[in-house]
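Assembly of the complex is requested from the two constituent chains, each provided in isolation within its own frame, with the hints serving as guidance.
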Amino acid sequence: MKRLSCFLVLVVCFLIVFPCSGSAARSGFDDEEIRIGQFGPQTGPAAPWGAVARGAGLLFDLVNEEGGIHGRKIKYYLRDDQYSPSVAQAGVRELVERHGIFAFTGGVSGAGGHAVKGYLAGNEVLWVVPGTAALNTVADNQTPPSPYRFCSYPLFEDEASVVTKYAVEKLGFKKIGFLYQNDVFGKGGLTGCKQRLASYDMTLVEEVPVEPTEKDLASQMLRLKNSGAECALMWVSPTLSVITLKTCESIGYKPQWIAFDGLSDYPMMHQITGGLFEGVITAAFVPPPDSGDPLVSKYREAAKRLAPEERWGTFYLAGILFAEPLVEALRRVGPDLSTEACIRELNSFKDWKGLGAPITWSADNHQGTDSVQIQKCGPGGSYILLQDWTANDLATWKTKK
Amino acid sequence: MDMKRDYYEDIEVFSSGTVLFWSFALFAFLFTLPLYLPSYNIYLFNIILVHVILAVGLNILVGYTGQISLGHAGFFAIGAYGTVLLMTHLGVPFFAAIIAAGLIAAFFGFIIGLPALRLEGPYLAIATLGFGLTIMHIIGRWDIFGGRMGIQAPPLDIGIPQWGLSVLLDSDVKMYYLIVVIAIIMVIGARNMMKTRIGRAFVAIRDDDIAAEVMGVNLLAFKTLSFAVSAFYAGVAGGLFGFVLGFFDPFTFNLILSIIFLVMVVVGGLGSVLGAVMGAALITYLQYDLLKNVDEMPYLGDVLVWVSRKLFTVIGLENFNSIMLGLIMLGIVIFEPLGMFGIWIRIKKYWKTWPF
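Chains as they are written, first to last, in our numbering: chain U, 1 to 401; chain P, 402 to 757.
This is chain P alone, in the form it adopts within the complex (with noise of 0.2 angstroms):
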């Protein structure tokens, strides 16, 4: 079914007409989905597509390389805050910000990849723990930085307002046209690499870093790489964040969001850059949109809420809602360890093997 008979099929980024022809039907459907979403969902497909770009992303670092980062939140604050301060202090135009931003990202990324060298499992999170800490605690004893009040970042000009030539992205559906074709951009460059001499390094790395040393893996270059690629996506999709949300301080980049972000990559499936996608989305779903209304629906919302305030607190439904994400969360982990990439392969061969 999915065996590769030379090494060009191998790298090939769509492996065939049928994978080519969903993929131009997905872009299609994401074009055109404005059209008839309100703009309130446009607003949390930003924010699912910002964190698929940096799942993506992270999911080099953890699912390919085998290293752990607790402290991804740092580098998508370096993004966010780099962005907004290069255009608004320095006038640099949108695009070579995020971009000089995603690379002060990945530098940072290349320091903490060096303890990786030596450092490893539990040690390695500590260390990035401490980075992304740290970075917040900075950034907010900083008033250049806006401290912990935060700042504003400016509107959303992607021409180059000095030479007259403006370009105001003032919606969130001109917003969201600009992140989907990062974020296609960059989900494609990140399965691309997979397949090129880096990925495979990286994977050598994680099934075996002595192995690879062997075979002629530079451990030193390609762990700091990763971890710097890595970073460059978080920075980059930081950069993102800050015009969606408008407004940001830095507990906005706090260490619940870095364990947020590996939870998205171990819900969607490590090792895949399609699990990637599907854990941010299915993660920032839960976490931004799940049991919404419901306390609002004609005796249903009573009864849960009369029920979570007499069991649990007085706050209401919101104690359903932990327990709910929370739940759905350890069922995909204990019942499907592949995470949702491994639902997905499920369904496919299902469908292929159909009706037998």
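The following block holds chain U by itself, in its conformation from the complex (with noise of 0.2 angstroms):
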């Protein structure tokens, strides 16, 4: 009886802390609020990507702060997807039939955006900008692109591309050899390098796959050193970077590292690799978190005040980033809001400039850009701002029709 009793109680406690089956989905707003919601990893494996959503949680705070947009707050929601597709997909799901959202942002995860975007798309909510180059309209090989979905996460092969005139145009090397995940992340900035290099009529001294879950890179680093190469682009997750500079430490080779914007968290690289990523160039769709860009420094003023206790870092920072269209869009596109109206001035931007590269939108192209900074970690994690935004000339996405 005694357990029983334990039993309803604990009943009873479900039934307060479960939410009640709800109602019928809404308009993503009213005269009040704007609903946005975000999906992303801040539990789970990825948990340190988490940072992304709550960057954007600070945007918003920021515009209420400042009266809302046309007399409307916006009402932000965060649902932790675990970096599982199907947890995403029941959050996205859930934000938008029980709350109406108007707009998604963000969402670092591929396989959960992947697992969504038809969901969004058939349910004619916005989705601007996804936070993974793996969701770009362009691989879609869709005319027009989908018109909900507005992207400017650079693609990987203008990333690489851009690094690689940087490496042999201003560093002058000549010998240059890549190390890539064998996977679609990788091979794009492989194709990148290449062409590049094919315009200088050069080719890559060496190139080297390895596989996301190897741990021992001894042979793949002997490959990199014997082939001479003085300069190496490194397209790898975070964790083989470390495996590869402690590698290269143990066996005496240090060529000038080149790697993609996903490593750009200089502090966070700085202290996992023990100090080995110090000189190490990177790409980067973020601007340095310790610059003094009037817009920066406004976050980061706001981010003090407002999330004292987040450690303001480059993916933080790009959760604001990813946010900054909408709000803009909602701001030009004045009282009558509606989601045709947001897409109306979306597709009207033009070199439009917040905190990233300049963002160009039209009915016809929904990828915003092909520009990254390039950056060097200094001492202690610190950043150097070696070259501003700087567009691939050579992406052929843009001469597509």
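To be clear, the hints were calculated from the coordinates, so they are not data collected in a lab.
You may find that some hints are simply not true.
Claimed, not checked - Keeping only pairs whose Cα atoms sit at most 35 angstroms apart, straight-line, the calculated DSBU-like set for lysine-lysine is: (1) Lys711(P) x Lys73(U); (2) Lys298(U) x Lys711(P); (3) Lys246(U) x Lys175(U); (4) Lys170(U) x Lys298(U); (5) Lys353(U) x Lys73(U); (6) Lys350(U) x Lys298(U); (7) Lys711(P) x Lys75(U); (8) Lys711(P) x Lys304(U); (9) Lys575(P) x Lys75(U); (10) Lys596(P) x Lys749(P); (11) Lys398(U) x Lys174(U); (12) Lys405(P) x Lys749(P); (13) Lys194(U) x Lys376(U); (14) Lys170(U) x Lys225(U); (15) Lys398(U) x Lys170(U).
See below:
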């Protein structure tokens, strides 16, 4: 009897804690608020990227503090997807159907993004800007692109092409090698690098694939070392980059490493590589967090005030960057808000400049930019800006019809 | 009360008129569910039903045969990838594809069952764990499986489109009816199997495999059969899961998923079909919906988020989610060793003897 009572108490607790079956889907806004959602890993293997989703929350808090947009406050919903596509989909559906969401922003999980992109488009929910290059509209091979998804994360091909140009023209390297993760992400970088080198009648001295789960890279590093590569591009995950740098340290190989933007959180990379990351150059789609840029400074001060417990870093800043164009479009639309009006304004973005590279969108092009900055990790994980926003003049997607 | 008077009573799937009545009431409830539930909940129900199929299958292996598996996500993946690839690459109709994918999973289950003849407990757990991880990595390395970027499931057509007989299930509700029918068939199938010679052989192996062999139970046949049947259930569940999700990658079928499947069976109650159903439903619900919306509740949400950020980490309420999920699982295992099935038995007895 006692146990039964305990069980019944538990049941009552569940009923309190669990949400009741929600009402039918609502419109994404009303006179008081605009509802914006995001899914992303707050727990699980990709939890460090969770700062992206929380960064967007800072921007919305700031907007609300300044009075909202045309009298409406932004109501922000964040759902932890645990980096699982099924949980991401459950979270997105719950938000759209229980709360009514006007637009999504960010979302750093590639698989989760692919799992929900059809659902969001089918429900005419905007997605500005997905937090992963995997969700770019170029890869959809669809003309015109999906009207509801607006992207600005640079393609891996474009990044690699720009940094290769820098390595050849600014640093004067003749022997370049390429270490890449054996998947679409790594191969994308390899394509961009080879395309750029071909424009100089050059070829890679060595291209070395690695599997994402490999833990011993000694043979791969020896191949790179024996090729005589004085500069090596690295299109691998943070874990593999740590193994790479530590292996190279042990075999006495010290090329100029150049990496993709995912390794541009220098304080973190500096710490997890035990200082070996110092001197590594990376592409970056986010300006240095310690930059004196007025916009960066404004957000940095806001973070100190509104989210003092957060680490002010690249991922957090990226969340703001992904959400900025949506806020700008909402401001441009005016009080008569609608999804169509918002799409119209987003399609009229021409070299619009927020935190990141200038963005241009049109009805036929929803890949907003091909530009990246080039940064270098300085002492103690500090940021050194080497080159401001640079477009990929060889980008093939811009000429495709 | 539940005393069996002859053999035929013992093997009846519906043991009494009352059970038959409530079973049909449950079916009626399940078939009318979409009328009063919003679409999001139907999606959640689809996931729950897929997990029910898998958990019932896993329970045949773990609960009834006494073997362990930490590799069921591998069979689940074989089902998902197998069904989608058979349909997209070979144009196989859905039902043939999902059965074939289930049989492929069953074949791998049979192969994994062979070492089970010599391995027990933690050793078998490691062998099956290795299988699950291997499947995930093999899928990730082959382009035909979409590599690490994953694959998109085609629109779910349960007809034979090549012959012009197209039956497209293009909504969660339509998919729900397909899944609920398959789930009911497979749950009844499992319950029925446990009442046959095969089921009794499984139980005999669980209780004492040497004694079972002495009695004439062929260990090689029945242990591998148990793995194969369990893998078949996982394969069919995976085939359905692929379409519920629409897109999946190898990481979807990771080790954590295998552990969660095992948790479903243990929390539900080992050696009980009903327990597996309840465990799958509870754990899926906890994983997908626990504490949802609490941070949007006035006052309470703000307080909890504040406490979570101050005491734990900056991620906010998700800290509580993980803790709550863990505590609920721990609570059930510690206070109710028979799992949810044990709770159910006690409630049933309480009401049968009420008010005494």
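Results of checking the hints against the structure:
For the hint linking Lys711(P) to Lys73(U), the alpha-carbon distance of about 26 angstroms falls within 35 angstroms, and the restraint holds. With a C-alpha separation of about 25 angstroms, the suggested pair Lys298(U) and Lys711(P) falls inside the 35 angstroms cut-off, and the hint holds. With a C-alpha separation of about 22 angstroms, the suggested pairing of Lys246(U) with Lys175(U) holds against the 35 angstroms cut-off. For the given pair, Lys170(U) sits about 32 angstroms from Lys298(U) by alpha-carbon distance, which is consistent with the 35 angstroms threshold.
Pair hint Lys353(U) plus Lys73(U) holds up; C-alpha atoms about 23 angstroms apart against a cutoff of 35 angstroms. Distance check on the hinted pair: Lys350(U) and Lys298(U) sit about 23 angstroms apart at the alpha-carbon level, within 35 angstroms; holds. Between Lys711(P) and Lys75(U), the direct Cα distance comes to roughly 23 angstroms. Compliance with the 35 angstroms bound is thereby established for this hinted pair. Straight-line distance between C-alpha atoms of Lys711(P) and Lys304(U) comes to about 16 angstroms, which keeps the hinted pair within the 35 angstroms bound.
A threshold of 35 angstroms between alpha carbons decides the hint, and for Lys575(P) with Lys75(U) the separation of about 33 angstroms falls inside it, so the pair holds. With a C-alpha separation of about 22 angstroms, the suggested pairing of Lys596(P) with Lys749(P) holds against the 35 angstroms cut-off. Distance hint between Lys398(U) and Lys174(U) is fulfilled; the C-alpha atoms sit about 28 angstroms from each other, no more than 35 angstroms. Simply put, Lys405(P) and Lys749(P) have alpha-carbon atoms about 18 angstroms apart, close enough for the 35 angstroms limit, and the pair holds.
A distance of roughly 22 angstroms separates the Cα atoms of Lys194(U) and Lys376(U); the hinted pair therefore holds under the 35 angstroms criterion. Taking the CA atoms of Lys170(U) and Lys225(U), the gap is near 23 angstroms; set against the 35 angstroms cutoff, the hint holds. Restraint check: the Cα-Cα separation between Lys398(U) and Lys170(U) comes to about 25 angstroms, which is no more than 35 angstroms; the hinted pair holds.
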